[in-house]
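J.: Starting from the structure of chain A, add chain B where the hints point.
The residues making up each chain are set out below.
Protein chains: 2
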Amino acid sequence: MSVRPIRWHEDSLKLLDQRLLPGEVTEISYDSVAAVADAIRDMVVRGAPAIGITAAFGVVIAARSRYAENPDNWWEGIEQDFRLLADARPTAINLFWAIERMRGCFDEIDGDPVEYLLAEAKAIHEEDIAANMRMGELGADLIGAGSSILTHCNAGALATGGYGTALGVIRSAVAEGKVEQVFADETRPWLQGARLTAWELLQDGIPVSLIAEGAASWLMQQGKVQWIVVGSDRIAANGDVANKIGTYQLAVSARHHGVKFMVAAPTSTVDMNVASGADIPIETRSADELLKCGDKTVAAAGASAWNPVFDVTPAALVDAIVTERGVVEKPDTEKMLAMMQNA
Amino acid sequence: MSVRPIRWHEDSLKLLDQRLLPGEVTEISYDSVAAVADAIRDMVVRGAPAIGITAAFGVVIAARSRYAENPDNWWEGIEQDFRLLADARPTAINLFWAIERMRGCFDEIDGDPVEYLLAEAKAIHEEDIAANMRMGELGADLIGAGSSILTHCNAGALATGGYGTALGVIRSAVAEGKVEQVFADETRPWLQGARLTAWELLQDGIPVSLIAEGAASWLMQQGKVQWIVVGSDRIAANGDVANKIGTYQLAVSARHHGVKFMVAAPTSTVDMNVASGADIPIETRSADELLKCGDKTVAAAGASAWNPVFDVTPAALVDAIVTERGVVEKPDTEKMLAMMQNA
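Quick mapping for you: the protein sequence lines, in order, are chains A and B.
Each residue of the first sequence is one higher than the one before, counting from 0 in numbering that gives the first Met the number 0.
Each residue of the second sequence is one higher than the one before, counting from 0 in numbering that gives the first Met the number 0.
With the rest of the complex left out, here is chain A (with noise of 0.2 Å):
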């Protein structure tokens, strides 16, 4: 079984920090919904799967607050604690999703909440890993032998319920046997590839080369990558993908290669609501995080810097979707609305 970043245990929350892989694997416990929310915008929690997941445990803490405070009228400036969970980070829409998920049940319970929420967000927890493994194999499908595959940030179990969605196309595509190597993105300025996809690859035993989102290019120059597979924080409804930040220098970079680009995520993270990527808000993170490595300044003191940590990537330089629900090659409005509409 992957890493799980994500569990509920005896009553309270636990999110493995993830500020602190691979030197040291600690989870924390949270009991409020504004710690939650602090640990969503401070990336204890990451990958917009497990935003989602954690924002639906964050609904059964904060219900649960609300419940012992006014049993007669629980959901009373519940609102406010939504408000707080998803003000946390603004790109990833399986936050909202989630939300809007937990709320849709308030009318079906009587009495004590936390019964039902706990249910209904394990079953999102739970869904989501189901997810993450069908795409596994809908996305290995489309990979042909010997093929090598260069990913992107941390789209792994770490940023899932478990087993996650592009490393869960890696994960699959190797048990078939089908990949040459493994390359990851180190990914500043936050390294999710060096910190997080190396080590929970590794856990799986499955080799990793790092190389620096510099090299992408030249390591595609040189054939040594047939595809690029990364996961996605937001899908808009022409097919245009937020992702971290260096995704679309990628997809640029395949197009002009012949290398073929993948999107591996579940349909929490569609929004149909949002017409084309350029209406997707796109978080700008403090410059220490890039004038910094870890706790260490690097850069030259009084340097300021541009940190966007997403993009978009237009549908036009995607060659393939893959969600739960199917795959959709050369995206666009008509082909995601069909797929979003197979149940």
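For the record, the hints were derived by calculation from the structure and aren't laboratory data.
Among the hints, erroneous ones may be present.
Note that the list lumps identical chains together, so a pair holds whenever it fits in one copy or between two copies.
What the hints assert, rightly or not - Taking lysine to any residue pairs in the SDA-like style, the calculated list, with each CA pair at most 25 Å apart, reads: (1) K291 with L19; (2) K121 with R284; (3) K223 with S285; (4) K291 with D16; (5) K223 with D109; (6) K223 with A34; (7) K223 with H8; (8) K177 with A122; (9) K177 with V273; (10) K291 with S208.
T.: Just chain B now, kept in the frame of chain A:
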């Protein structure tokens, strides 16, 4: 006056230790050719023109030792010293160019070679600075008013005798009031952009915004940059350009976005003996450079890394090569030859 990474002072070579910048500004003294070769290999000094100048002073030091040992036949055995220097790094042609130019003086020397060779090494150093100033003017002429410029690695005063190639162009364009904003890739793994380019531009009062390499294409897509200006470690006869890993990716993306791509390098960087970039040796350095950030290991234990430190940009993706002898637009073998023959 810009920073000077190399000087001859009190009978020895002094190099600014670029491994420690920007935290510490420290010079190291060199009095043996083996130590000079180590300094080049270990990147106390780096940047193609700076490596060439350092090697020229290395030849002075070698000749001084050989003359002290054997005044009558001091040139015997000096080939070993040349090899030591030449083997230090394979990609930058300036290293070999400087050794050849120094060797070319031997026939004219009678008696103690030190004074003659020192004058030649100092001439190489001064000519490099003059070439930078000229390239600065020529390159800045190409840049339109209100442009923003992205540079990569450090092709500045620190990479040359002083003033810089790419940063020379930027300095001149800034002085002419043409530049809206300067962006610099942080340039993993060695962080030349964050550590060196930011430091030397800020010393001159030129503000600079750092970006992660992964953000460069998004920067272009957002229309925030009109020119990419870089240096080179070796330019082939057909105009193919070897430079720091990540340069090729910028060129691919610049073409996709209609952003202009300029290479500034002295003619000592042009290798007319190499027909195309395919024949330029590309140095691969230790995986540790990538698995660590500074002294600290950041990658998961057990991860490997592919760390080519240069790549080749085909001439077809280059809008202009600027040397001290002129500007070659849309470079090819014929135009490069004409420029080289231009005294």
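J.: Have a look at K177 and V273 and pick one of within, between, both or neither, based on CA distance no larger than 25 Å.
T.: neither (36 Å within a copy, 39 Å between copies)
J.: For K223 and H8, with the copy left unspecified, which applies at a CA distance of at most 25 Å: within, between, both, or neither?
T.: neither (44 Å within a copy, 48 Å between copies)
J.: Can you give me the call for K223 and S285, within, between, both or neither, at a CA distance of at most 25 Å?
T.: Between. Shortest inter-copy distance 19 Å satisfies the 25 Å Cα cut-off; intra-copy 35 Å does not.
J.: Under a CA distance limit of 25 Å, which applies to K121 and R284: within one copy, between copies, both, or neither?
T.: neither (31 Å within a copy, 47 Å between copies)
J.: My question is about K223 and A34: at a cut-off of 25 Å on alpha-carbon distance, are they close within one copy, between copies, both, or neither?
T.: Close neither inside one copy (44 Å) nor across copies (37 Å); limit 25 Å.
J.: If the cut is 25 Å between Cα atoms, do K291 and S208 qualify within a copy, between copies, both or neither?
T.: both (24 Å within a copy, 14 Å between copies)
J.: Please sort K177 with A122 into within, between, both or neither, judging by C-alpha distance up to 25 Å.
T.: Intra 32 Å, inter 58 Å, cutoff 25 Å: neither.
J.: Tell me, please, which holds for K291 and D16 at an alpha-carbon limit of 25 Å: within, between, both or neither?
T.: Answer is both; intra-copy 19 Å and inter-copy 21 Å each pass.
J.: State whether the alpha carbon distance between K223 and D109 is at most 25 Å within one copy, between copies, both, or neither.
T.: neither (59 Å within a copy, 55 Å between copies)
J.: Is it within a copy, between copies, both, or neither that the alpha carbon of K291 lies no farther than 25 Å from that of L19?
T.: Both: 15 Å inside a copy, 15 Å across copies.
Violation of the numbered hints given earlier is confined to hints 2, 5, 6, 7, 8, 9; the remaining hints are satisfied by the structure.
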